[in-house]
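> What follows is each chain in one-letter form.
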Amino acid sequence: MAGVGNRVLAGTDRALDLLRELPRLSLSNIRSNPKAFKRNKRGRGQHGGKKHGAGNKGSGQRQNFMRLGYETGNNPFYLRVPKEPYYKGHHIRREYPPISLMQLQTLIDTGRLDTSKPIDLTALCNTKLFQLSPFENQYGFQLTDEGLDNFKGRINIEVQYAPEQVIAAIEKNGGVITTAFYDAPSLIAMRDPMKFFASGTPIPKRQMPPENAVEYYTDPKNRGYLADPDLVALERFKLAQKYGYELPDLKKDPELLPMMLERKDPRQIFFGLNPGWLVNLKDKKIFEPEDEQLLEYYRS
Amino acid sequence: MATKIINKTVTEFSLRITRCFFVPSKAIQTNAALFQERSETSITNVEEQLLPTIRPPLPIIYSRKLAFPPKFKAVRQAWVSNMDTVEEEKLGLIDLHPEVFAERPRVDIIHENVRWQQLYRHVSYANTKVRYEVRGGGRKPRPQKGSGRSRHGSIRSPIWRGGGIVHGPRSPTPYFYMLSFNARLNGLRSTLSAKLAQDDLHIVDSLDIPTDDPSYLEKLVEERGWGPAVLFVDDNDIMPLNITAASDVHGHYNLMPVYGLNVHSMLKHHTLVLTLAAVERIEERLLFHLNRNDAAEAGRKHRLDSL
Chain A
1 MAGVGNRVLA GTDRALDLLR ELPRLSLSNI RSNPKAFKRN KRGRGQHGGK KHGAGNKGSG
61 QRQNFMRLGY ETGNNPFYLR VPKEPYYKGH HIRREYPPIS LMQLQTLIDT GRLDTSKPID
121 LTALCNTKLF QLSPFENQYG FQLTDEGLDN FKGRINIEVQ YAPEQVIAAI EKNGGVITTA
181 FYDAPSLIAM RDPMKFFASG TPIPKRQMPP ENAVEYYTDP KNRGYLADPD LVALERFKLA
241 QKYGYELPDL KKDPELLPMM LERKDPRQIF FGLNPGWLVN LKDKKIFEPE DEQLLEYYRS
Chain B
1 MATKIINKTV TEFSLRITRC FFVPSKAIQT NAALFQERSE TSITNVEEQL LPTIRPPLPI
61 IYSRKLAFPP KFKAVRQAWV SNMDTVEEEK LGLIDLHPEV FAERPRVDII HENVRWQQLY
121 RHVSYANTKV RYEVRGGGRK PRPQKGSGRS RHGSIRSPIW RGGGIVHGPR SPTPYFYMLS
181 FNARLNGLRS TLSAKLAQDD LHIVDSLDIP TDDPSYLEKL VEERGWGPAV LFVDDNDIMP
241 LNITAASDVH GHYNLMPVYG LNVHSMLKHH TLVLTLAAVE RIEERLLFHL NRNDAAEAGR
301 KHRLDSL
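If you read the protein sequences in the order shown, they are chains A and B. According to UniProt numbering, the first sequence is numbered sequentially starting from 1. According to UniProt numbering, the second sequence is numbered sequentially starting from 1.
What the hints contain is simulated information worked out from the structure, not anything from laboratory work. Just so it is clear, the structure is predicted and the values come from calculations on it, not from any experiment. Heads up, a few of these hints could be off.
Facing chain B, according to a computed beta carbon distance under 8 Å, are these residues of chain A, among others [unchecked claim]:
hint : residue
1    : 16
2    : 24
3    : 25
4    : 31
5    : 127
6    : 281
All C-beta atoms, glycine included, are put in the ideal place defined by N, C-alpha and C.
This is chain A alone, in the form it adopts within the complex (with noise of 0.2 Å):
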């Protein structure tokens, strides 16, 4: 084995020891490795001669292949099983693309979240390293227990769904969790504000939930944004017991408190920024309406 010294080579400094002892890398001696070019020839003989891989007659050589699940005139598989409806209205339900605990632990680690600041929607989406396309039904992320026993993080966020365990693994850390309603046309201006503000239309209302997200939302148990806040904080109180935990109290960190006790208007969409508002990147202005009827309707 190549080395200097004492010292053994291995992995990458090998490779470039070894260079230093080769002749000069040029145009002539270096190649690809083996077959990774594919050369498109058409066989003759026994190198894939007379048929060419396609068979004799029928659907091989003619691509008439037949239409996908049929038997050539069996009563075919789809059709012999019993109709089972799992999926019924599939195209009409909200679907919140997941993300583990120790997806956002990592993203923590490696400095993508600001844990100094609580931590929404579009926080998630400025890590670029999720997508989020509303027009599929998507509306929002949920968090699922995966890395539930590694998380550490101290934070305030805000999710679209989040199971009970890891409603418990956050706020056993001392941290805050809520989960939140977007509709579509916040959803839009949330996944990327610097395109949204640069379209120069006013930031929208958040609508309220659809009938059948409200009982969700209105849940304290769920830490729905429309929840009474003292039942949330009984609700985190027996959560607290019934895993097992201590709850850590929030006072007790004065520096943090102010952060973790934000939370947005139900008809907010941004932090810091009111609905109605416009705001110019250009001349880094914000313009708030002042006529009566839009003040009416962005009040929430």
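Let chain A serve as the given structure and place chain B on it in line with the hints.
What follows is chain B alone, placed relative to chain A:
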């Protein structure tokens, strides 16, 4: 000096140099200073004329701050030498980022790049005629029955001598394809690393040479064991006049700005000479692309299948 260069421009050199001449560069100023010194001393020997260079005590360059400091790899170091004397003087030692200059020399990626550079602009004009393009053959050569011979409909059928060619090359056949962005990025990293590992990469403070005499450059390359083919890379595409003039007569001394740096050219030339500014720029560009977090979004616009 200036009239001499203008005469040369008109008679010997290309229009490219004429354009360079009218761009004010510091090379002209330094030359003027040297010329004055030379006229005072009035030494006839060319080499001795160039010798008196005033320089602060060495090393001039000894440290360099690396962007994205490497966590797990040791930085590479390289000498910085001068171009204003034929003999090499070491001006100092600088750090090079291992992600750019000490990357694993993937010969397959280098080959992929070279293959792409040769093919993307290649159009094959090889052509053969199919049966309807060959002249004649419209008439049935003989009746279907009764002749005692085989049945044929055309004398230009592919089974006939002088007939059309089946599956032959058709002109024009473009061989254009796009190598993926990361393959191009890694190709540059691999090639720069291989060049440095084989002592074929040299770093100089600048490309300012004291004369526009081609023999000066020849002697310099000979003395330092470079080349014969040398690629000089600078940050700017407006090169100093002297090296432009001195390298123009030789096909194997070439000047290139950083934005033109490519794997094929680096391998075609035996030696690669980078200026300090070029090193800065190359590292800055490659490290930017290696560390940007919006690469997926930035590349989406250029994806061929994005429509």
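> Give a verdict on every hint.
Here's how the hints hold up against the structure:
no. : hint : in the structure
1   : 16   : 4 Å, holds
2   : 24   : 6 Å, holds
3   : 25   : 5 Å, holds
4   : 31   : 6 Å, holds
5   : 127  : 7 Å, holds
6   : 281  : 17 Å, violated
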